[in-house]
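Engineer: From first to last, the protein sequence lines are chains S and H.
Here the working numbering runs 543 ahead of the position in the first sequence, where the first position is 1.
Here the working numbering runs 2 ahead of the position in the second sequence, where the first position is 1.
Among the clues, some could well be false.
For lysine-lysine, the following BS3-like pairs were computed, each having C-alpha atoms within a straight-line distance of at most 30 Å [unchecked claim]:
#1 K54(H) / K70(H)
#2 K600(S) / K70(H)
#3 K600(S) / K54(H)
#4 K79(H) / K62(H)
#5 K79(H) / K54(H)
#6 K58(H) / K70(H)
Because the hints were derived from the structure by calculation, they are not lab data.
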Amino acid sequence: KAGVTQTPRYLIKTRGQQVTLSCSPISGHRSVSWYQQTPGQGLQFLFEYFSETQRNKGNFPGRFSGRQFSNSRSEMNVSTLELGDSALYLCASSRSGREADTQYFGPGTRLTVL
Amino acid sequence: GNSVTQMEGPVTLSEEAFLTINCTYTATGYPSLFWYVQYPGEGLQLLLKATKADDKGSNKGFEATYRKETTSFHLEKGSVQVSDSAVYFCALSVPEGGNKLVFGAGTILRVKS
Numbered sequence: 544k545a546g547v548t549q550t551p552r553y554l555i556k557t558r559g560q561q562v563t564l565s566c567s568p569i570s571g572h573r574s575v576s577w578y579q580q581t582p583g584q585g586l587q588f589l590f591e592y593f594s595e596t597q598r599n600k601g602n603f604p605g606r607f608s609g610r611q612f613s614n615s616r617s618e619m620n621v622s623t624l625e626l627g628d629s630a631l632y633l634c635a636s637s638r639s640g641r642e643a644d645t646q647y648f649g650p651g652t653r654l655t656v657l
Numbered sequence: 003g004n005s006v007t008q009m010e011g012p013v014t015l016s017e018e019a020f021l022t023i024n025c026t027y028t029a030t031g032y033p034s035l036f037w038y039v040q041y042p043g044e045g046l047q048l049l050l051k052a053t054k055a056d057d058k059g060s061n062k063g064f065e066a067t068y069r070k071e072t073t074s075f076h077l078e079k080g081s082v083q084v085s086d087s088a089v090y091f092c093a094l095s096v097p098e099g100g101n102k103l104v105f106g107a108g109t110i111l112r113v114k115s
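If we strip away everything but chain H, and leave its shape as in the complex, we get (with noise of 0.2 Å):
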């Protein structure tokens, strides 16, 4: 089946300190990748995407890049902010699927100024 592992939270940074998220995905058929953030009381909203293997996904300073070798799309951003705190969820969609999302289990980012 399909489905997607993300590294466990919270993960707990200063201000302007570097983020990896870590994502694996295990995929029937070549799936696209997809980061969504979630702000506390808010619904997902897209925060990058990739389609294909060597595409980098990028969005307000997190980048993402889809290593088909490795089964990952491994979220960076080289400084955070205080404003970065929220939830992040990597997911896939197949397209023997259509678009249904398959979601990790999201990780709880905070920073501290």
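One chain only, chain S, in its complex shape (with noise of 0.2 Å):
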């Protein structure tokens, strides 16, 4: 069985610039959730999306933003980019997003902006 895959692997960006990331979950998953790794914050929930809802939101600005398909892969957006959004963005997927259900991480989109 595929694992959870996010796409790219590596990105550059300058300052000001907007970014799509994005994450397929593992087949069969409905619930996708994205979380942000930096050294200094560790790591920081953003959002989850369950059958193309958004069910539940971080405290990150509103240059934040995903969506979720039909077919429950994710994207998630970043606007006009700051130094201070370079992170590792990791995505997981669930069965069916409760709280007990295990959730299955990608390897993660590795951001640095200049």
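Both chains come to you apart, so use the hints to assemble them.
Structural biologist: Here is the structure:
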């Protein structure tokens, strides 16, 4: 069974640009969550999508947005990039999105903002 | 609010030593508890989990017991290997939060041969 895939694996952007990251969940999984990982702030929850609806959102500015498609694939977008957005962005999928569900993580997209 | 506190690292051990990584939590409601591991250059992998008090999660020689009375979920392994070198994250989720995970800061483990 294929795991969670994320594309691209690495990105370099400049301040003010925007970026779109993609996540393909494990087949049959309907919940997709996104996390930001930085050395200073650690792992922080961005948002969760279930059946194309945003079900939960973390404390991030509106520059961070996402969506989920009918095949459960998800994208997140960051507009007007800032230096502080440099991070590893991790996507995780789970079957039902319940709190005890195991979440399976992808390898991440490493975003560098110059 | 919900939070997780882990012992600071790095933790450096010799091969075959006993490992304990402490984890305590604060939660509104009755959380599920998880340990994830991150190897260099990779995403997170679930190591083990426990969803109710006194449950013991175990996997690959690692164990952790959900202790509601001490709000703890300490990770243990009887004999570590060099291949266990990684970053270990304790995390929780609560029913009101869907499956949003709240993570601890992570503990770096280095095992020397």
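Engineer: Now tell me, hint by hint, if it's right for this structure.
Structural biologist: Right, here's what the structure says about each hint:
1. K54(H) / K70(H): holds, 8 Å
2. K600(S) / K70(H): Holds: K600(S) and K70(H) sit about 28 Å apart, inside 30 Å.
3. K600(S) / K54(H): Holds, because 26 Å separates the two Cα atoms, which is no more than 30 Å.
4. K79(H) / K62(H): holds, 9 Å
5. K79(H) / K54(H): holds, 21 Å
6. K58(H) / K70(H): Holds: K58(H) and K70(H) sit about 12 Å apart, inside 30 Å.
Of the numbered hints listed earlier, not one is contradicted by the structure.
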